[in-house]
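Asker: Here are the chains, one letter per residue:
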Amino acid sequence: MDKPNKSPFAAIKIVECGEGISAAFGAKMLADIGAEVIKIESPEGDVCRQRGPFPGDKPDPEKSGIFVYLNSNKRGVVADLKKPEGQELLGKLLGSADILIHNVAPDQRAAHGLDSAALTAKYPKLIVTSISMFGETGPYSHYKGYELTAANAGGWTNLSPGASPFPDLPPLKCFGSQCDFQGGAHAAFTSMAAWLHRLKTGKGQAIDISEQEVIAAMLEMNLVHYTYAGREASRLGQRLLGPWFIADTADGKIFCLAVEEEQWKRLVELMGNPEWANDELFKDRLSRGANMDALKALMSDWISGWKTQDLYQAAQKARVPFAPINTMKDLYENPHLQERGFFAELDQPGIGKIKLPGMPSRYGATKWELRRPAPRLGQHSEEVFCNELGIAKDRVNAAR
Amino acid sequence: MANLPLDGVRVLDFTWAWAGPFCNLQLAYLGAEVIRVESTLRPCVTRFLPPFADGVAGPNRAGYFNQYNQAKKSILMNLAKPEAIEIATELVKHCDVVTDNFAAGVMDKLGLGYDKLRRVKPDIIQISMSGYGQTGPFKGFVGYGPPASAASGMFFGSGYRGGDPAEIGISYADPNAGVFGAFAIITALAQRALTGEGQYIDQSQFETALALMPEGLLMKELAGREPVRDGNHDFVMSPCECYRAAGEDRWVSIACGTEEEWQSLCKVMGKPELAADARFKTMSLRKQNEVALDEIITVWTSSQDRWDVTKKLQAAGVAAFPSMTAKDLAEDPHLNERGYLVQLEHPEVGKRKHAGVPWKMSGTPCNVRAAAPVRGGDTETVLKSLLGYSSDRVEQLMKTGILA
Numbered sequence: 376m377d378k379p380n381k382s383p384f385a386a387i388k389i390v391e392c393g394e395g396i397s398a399a400f401g402a403k404m405l406a407d408i409g410a411e412v413i414k415i416e417s418p419e420g421d422v423c424r425q426r427g428p429f430p431g432d433k434p435d436p437e438k439s440g441i442f443v444y445l446n447s448n449k450r451g452v453v454a455d456l457k458k459p460e461g462q463e464l465l466g467k468l469l470g471s472a473d474i475l476i477h478n479v480a481p482d483q484r485a486a487h488g489l490d491s492a493a494l495t496a497k498y499p500k501l502i503v504t505s506i507s508m509f510g511e512t513g514p515y516s517h518y519k520g521y522e523l524t525a526a527n528a529g530g531w532t533n534l535s536p537g538a539s540p541f542p543d544l545p546p547l548k549c550f551g552s553q554c555d556f557q558g559g560a561h562a563a564f565t566s567m568a569a570w571l572h573r574l575k576t577g578k579g580q581a582i583d584i585s586e587q588e589v590i591a592a593m594l595e596m597n598l599v600h601y602t603y604a605g606r607e608a609s610r611l612g613q614r615l616l617g618p619w620f621i622a623d624t625a626d627g628k629i630f631c632l633a634v635e636e637e638q639w640k641r642l643v644e645l646m647g648n649p650e651w652a653n654d655e656l657f658k659d660r661l662s663r664g665a666n667m668d669a670l671k672a673l674m675s676d677w678i679s680g681w682k683t684q685d686l687y688q689a690a691q692k693a694r695v696p697f698a699p700i701n702t703m704k705d706l707y708e709n710p711h712l713q714e715r716g717f718f719a720e721l722d723q724p725g726i727g728k729i730k731l732p733g734m735p736s737r738y739g740a741t742k743w744e745l746r747r748p749a750p751r752l753g754q755h756s757e758e759v760f761c762n763e764l765g766i767a768k769d770r771v772n773a774a775r
Numbered sequence: 190m191a192n193l194p195l196d197g198v199r200v201l202d203f204t205w206a207w208a209g210p211f212c213n214l215q216l217a218y219l220g221a222e223v224i225r226v227e228s229t230l231r232p233c234v235t236r237f238l239p240p241f242a243d244g245v246a247g248p249n250r251a252g253y254f255n256q257y258n259q260a261k262k263s264i265l266m267n268l269a270k271p272e273a274i275e276i277a278t279e280l281v282k283h284c285d286v287v288t289d290n291f292a293a294g295v296m297d298k299l300g301l302g303y304d305k306l307r308r309v310k311p312d313i314i315q316i317s318m319s320g321y322g323q324t325g326p327f328k329g330f331v332g333y334g335p336p337a338s339a340a341s342g343m344f345f346g347s348g349y350r351g352g353d354p355a356e357i358g359i360s361y362a363d364p365n366a367g368v369f370g371a372f373a374i375i376t377a378l379a380q381r382a383l384t385g386e387g388q389y390i391d392q393s394q395f396e397t398a399l400a401l402m403p404e405g406l407l408m409k410e411l412a413g414r415e416p417v418r419d420g421n422h423d424f425v426m427s428p429c430e431c432y433r434a435a436g437e438d439r440w441v442s443i444a445c446g447t448e449e450e451w452q453s454l455c456k457v458m459g460k461p462e463l464a465a466d467a468r469f470k471t472m473s474l475r476k477q478n479e480v481a482l483d484e485i486i487t488v489w490t491s492s493q494d495r496w497d498v499t500k501k502l503q504a505a506g507v508a509a510f511p512s513m514t515a516k517d518l519a520e521d522p523h524l525n526e527r528g529y530l531v532q533l534e535h536p537e538v539g540k541r542k543h544a545g546v547p548w549k550m551s552g553t554p555c556n557v558r559a560a561a562p563v564r565g566g567d568t569e570t571v572l573k574s575l576l577g578y579s580s581d582r583v584e585q586l587m588k589t590g591i592l593a
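These protein sequence lines are chains A and B, in that order.
So my numbering is basically just the index in the first sequence, starting at one, shifted up by 375.
So my numbering is basically just the index in the second sequence, starting at one, shifted up by 189.
Possibly wrong hints are sitting among the right ones.
[Stated by the list, open to error] Think about it this way: if two alpha-carbon atoms lie no more than 25 Å apart in a straight line, the pair counts; the simulated SDA-like pairs of lysine to any residue are:
{"#": "1", "chain 1": "A", "residue 1": "467", "chain 2": "A", "residue 2": "447"}
{"#": "2", "chain 1": "A", "residue 1": "578", "chain 2": "B", "residue 2": "516"}
{"#": "3", "chain 1": "B", "residue 1": "516", "chain 2": "A", "residue 2": "607"}
{"#": "4", "chain 1": "A", "residue 1": "578", "chain 2": "B", "residue 2": "381"}
{"#": "5", "chain 1": "B", "residue 1": "282", "chain 2": "B", "residue 2": "197"}
{"#": "6", "chain 1": "A", "residue 1": "704", "chain 2": "B", "residue 2": "415"}
{"#": "7", "chain 1": "B", "residue 1": "516", "chain 2": "A", "residue 2": "738"}
{"#": "8", "chain 1": "A", "residue 1": "704", "chain 2": "B", "residue 2": "570"}
{"#": "9", "chain 1": "A", "residue 1": "433", "chain 2": "B", "residue 2": "418"}
{"#": "10", "chain 1": "A", "residue 1": "458", "chain 2": "B", "residue 2": "448"}
{"#": "11", "chain 1": "B", "residue 1": "516", "chain 2": "A", "residue 2": "512"}
{"#": "12", "chain 1": "B", "residue 1": "310", "chain 2": "A", "residue 2": "578"}
{"#": "13", "chain 1": "A", "residue 1": "768", "chain 2": "A", "residue 2": "471"}
{"#": "14", "chain 1": "A", "residue 1": "575", "chain 2": "B", "residue 2": "197"}
{"#": "15", "chain 1": "A", "residue 1": "692", "chain 2": "B", "residue 2": "326"}
{"#": "16", "chain 1": "A", "residue 1": "433", "chain 2": "B", "residue 2": "468"}
{"#": "17", "chain 1": "A", "residue 1": "578", "chain 2": "A", "residue 2": "383"}
{"#": "18", "chain 1": "A", "residue 1": "704", "chain 2": "A", "residue 2": "626"}
No wet-lab data here; the hints were simulated from the structure.
Between the sequences and the hints, there should be enough to build the whole structure, so can you do that?
Answerer: Written out as C-alpha cells, the structure is:
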C-alpha cells in the first residue's frame with residue numbers, strides 16, 4: 376500500500392529517463408526524501424529489469440532486485456522517446472516538471488528529444504541534469520561506455536587492488552556499479568542545488584555530469600602524485616605503512632589496520648606484548664610497511680585464533696581500527712545496523728517483504744521513507760498521462 | 190557577485206582528512222563560503238602526507254591537502270582552549286552549516302554539540318560524519334575509509350575470479366561519505382528554505398557505504414547466496430574485462446552489452462565468424478565460455494597500442510577505453526579541452542595541476558575559484574569581517590595560543 380507523501384519536497388516534480396543505474400540512483404536519492412518522481416521506461420522496459428538478482432535466481436522483469444532498489448518511491452510510465460508520439464508525452468510531463476534527470480548518451484539525445492540546450496530554451500524553469508560517461512562536450516563525448524569503461528577512464532582501476540604482487544593480473548574493478556552510483560549521487564546533489572538556486576531566480580538550467588570526471592576527482596592523492604612529483608602510482612607495489620592487510624581468522628577474514636603509532640602500541644598490548652614486536656623491523660609504521668610480509672606472518676597465528684566478530688570488538692575496544700570482511704549475511708545480522716534500524720523494509724508486489732539498505736544519512740528533520748514499491752512496467756501510464764495530464768488513451772498507446 | 194547555487198551560504202568546517210573535506214569541497218565548488226578550522230597543534234593529516242611540491246615537505250606544500258581544499262578558507266583555532274570554543278560559537282551565529290567528521294560525541298565534549306549550537310542559531314544545519322554514527326553498540330568505533338569498505342562487504346565482493354577478497358585501490362568510502370554528506374547538507378538547506386527549520390544530521394560512513402551494496406545485499410536477500418568474486422567481469426554482460434595491450438603494464442577495457450556490439454567487436458578483430466561460434470553466439474554462452482573468450486581477445490589486443498584498440502572499437506560502437514594512469518589523465522586531450530584540469534596560483538607552491546569541478550552547469554557555472562588556503566591564512570580577515578575583531582585582538586589571541 377502506498378503511503379501518503381508528507382515531505383515538504385512533495386512539491387518537487389522530477390522526470391527520469393534513460394537506462395540502467397546512474398539516473399535511476401540519482402532520482403532515487405531525491406524520491407527517498409520526498410520528491411515525486413515519474414520514471415519513463417522504453418516499451419521493452421529498463422535494462423535493470425533483466426539484471427537481477429532475482430528471487431530463487433529465476434529471471435522475472437517484475438522481480439529484479441536492483442530495479443526494485445533503484446525505483447521504489449517512483450511512479451512508472453512507458454513512452455518510446457525515439458518516436459514523435461513519445462516525445463510528445465515527454466513534453467507534456469516536462470511542461471509541469473521541475474527537474475529532468477537522464478543518462479541518455481550525448482550522441483543519442485537529439486533522437487530522443489533530449490538536447491539540453493533545446494530543453495532549457497523550451498522550458499526555462501526546468502533543470503535538466505544529464506549523466507554520461509565522458510560528458511556532453513569534448514573529443515570523447517560520443518564514446519560508448521559501461522561501468523567498467525568509466526572505472527578505467529577515470530583512473531580508478533589502474534590503482535586497484537593496490538599493493539598487488541601480481542603484474543600479470545589486470546587492473547581490478549571494485550564490486551558493484553560504483554561509477555554509476557557516483558554519477559547518480561552527483562546528479563542528485565547538483566540538481567538539488569540548482570533547485571535551491573531557482574527559488575531565488577526562477578530560472579532552470581542544464582547540468583552536465585561526466586562519470587570519468589567524477590571518478591578522476593576521487594583518486595585520493597594519486598593524481599597529485601603525478602602532477603606534484605612526477606610519480607605514477609599503480610595497483611602494483613607495496614603499502615607504505617603497516618600493519619595494513621587482510622588476514623584469515625578462525626571463521627573468515629578481517630582487515631587489519633593500525634597505522635598510527637599509538638594504535639600500534641595498543642595492538643601490541645592486545646597481542647600480549649610478543650617479543651618480536653620489539654624488533655627493529657617493526658619500529659615505526661614505515662618500517663612495518665616495508666616489512667609487511669614478515670609482520671603479517673608473525674601476526675597470523677594470533678589473528679587466526681580469533682573469530683572475526685570477536686577480534687573486531689576486541690580491537691575496537693582497544694581503539695584499533697580493524698574491521699571484518701563482512702559477508703552479506705554478516706551485514707543483515709549486524710547488531711549495530713539492527714539497533715540503528717538501518718535496513719528498510721519494502722513490500723514489493725510479487726516478491727513480498729524484503730530488507731534493503733535504508734537512509735544513508737540520518738536526518739533530524741527531513742523525512743526519508745519508502746512510500747511505494749517499484750512500479751510494474753507502465754503501471755502509472757494511465758494515471759499520469761490520461762487522468763492527470765488529460766491525454767487521450769490512443770495517443771498514449773501510440774507512444775509505445 | 191558570483192551567480193552560484195550556494196551563494197550566501199557560509200559553512201564552519203571542523204572536518205579533516207578526506208571524507209569531511211571532500212564533502213565541503215562540493216559545497217565550495219557550488220559557491221558556499223567554507224571556513225576550515227585548523228590547528229598547528231592538531232594538524233590535518235593531509236597537510237603532511239606526500240607528495241609535496243618539489244619534494245619539500247611543509248603544511249602548504251602537500252598535494253593531497255591542496256587538491257581537496259581548493260576554494261576554501263582556513264582559520265587557526267585551538268579547540269582545547271575554552272576561549273577558542275567561545276569564538277567558534279560566536280562564528281556559528283554567522284554561519285548556515287557546521288560540519289565535522291570526528292568520532293561520535295566529540296563535538297558535544299568540545300561544547301559544540303547541536304543542542305548548544307541550535308540555541309545560538311536556531312536554524313543551524315549541523316552534520317557529523319563519523320565512522321559508525323552517533324548511536325548504536327558500535328558508536329565511537331575508530332573509522333577510516335578502507336575498514337569502512339571492508340565492513341560494508343565491498344572487499345568481500347571484490348577480487349579476481351577464484352581469488353580472495355581484495356582491496357579496491359583507493360579509500361573509496363571516504364569520498365562516498367563526502368558525496369552523501371554534500372547531498373544531505375544541500376537537502377537540509379532546501380528544507381530550511383521551505384520550512385525555516387535547521388536540523389542535525391548523523392551520518393555514518395559505514396551506512397553510506399552500504400547504500401552502494403544493493404547488488405550484493407539483494408543477492409542474499411532474494412537468492413539466498415553471497416556474491417561470487419569475478420574480477421572485472423559482469424554477471425550478465427560478456428565480454429567485460431581489462432585486456433593486456435602492448436607496452437609495459439598497459440591495459441584496455443572492453444565491454445559488450447548487446448549482440449550488435451559483440452558482432453562489431455568480432456568484425457574489428459578480423460574474426461566475423463567468431464560472432465556465430467557455438468561457444469559465443471549468445472550472451473549467456475559467452476558468460477559460460479568466458480575464459481576461452483578472454484584468451485582470444487587478449488591475443489588480439491596484446492600486440493596493439495591501447496589507444497589504437499580504443500579508437501578502432503569506438504568507431505564501431507564498442508565500449509573500449511584504456512586503464513588510465515594519473516599521467517594519462519593529466520595529459521588527456523578530452524579532459525583538458527573540457528577545462529576539467531585546473532592550475533591556479535597558490536601563494537607558496539605556485540601553479541600546480543589539480544582535478545577541478547566534475548560537473549558543468551549552464552546557468553551557474555562552477556569553477557574552482559581559488560587554490561587551497563595556506564594554513565590559518567584567513568584567521569584575521571574572517572574574525573575581523575564576521576566578529577569585528579581588531580588586528581591587535583587577533584594578534585593577541587594568536588600569541589596566547591587560542592588561535593593556534
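Asker: Work down the list of hints and note, for each, if the structure agrees.
Answerer: Hint-by-hint comparison with the structure:
1. A/467 to A/447: This hinted pair holds, its Cα atoms lying about 23 Å apart.
2. A/578 to B/516: 39 Å, violated
3. B/516 to A/607: 7 Å, holds
4. A/578 to B/381: It holds: about 20 Å lies between the C-alpha atoms, which stays within 25 Å.
5. B/282 to B/197: Status holds; Cα separation ~14 Å.
6. A/704 to B/415: 8 Å, holds
7. B/516 to A/738: 41 Å, violated
8. A/704 to B/570: 53 Å, violated
9. A/433 to B/418: 21 Å, holds
10. A/458 to B/448: With a Cα-Cα distance of about 23 Å, the restraint between residue 458 of chain A and residue 448 of chain B holds, given a limit of 25 Å.
11. B/516 to A/512: 22 Å, holds
12. B/310 to A/578: Roughly 30 Å separates the two Cα atoms, so the pair is violated.
13. A/768 to A/471: 20 Å, holds
14. A/575 to B/197: 12 Å, holds
15. A/692 to B/326: 11 Å, holds
16. A/433 to B/468: Roughly 23 Å separates the two Cα atoms, so the pair holds.
17. A/578 to A/383: 20 Å, holds
18. A/704 to A/626: 13 Å, holds
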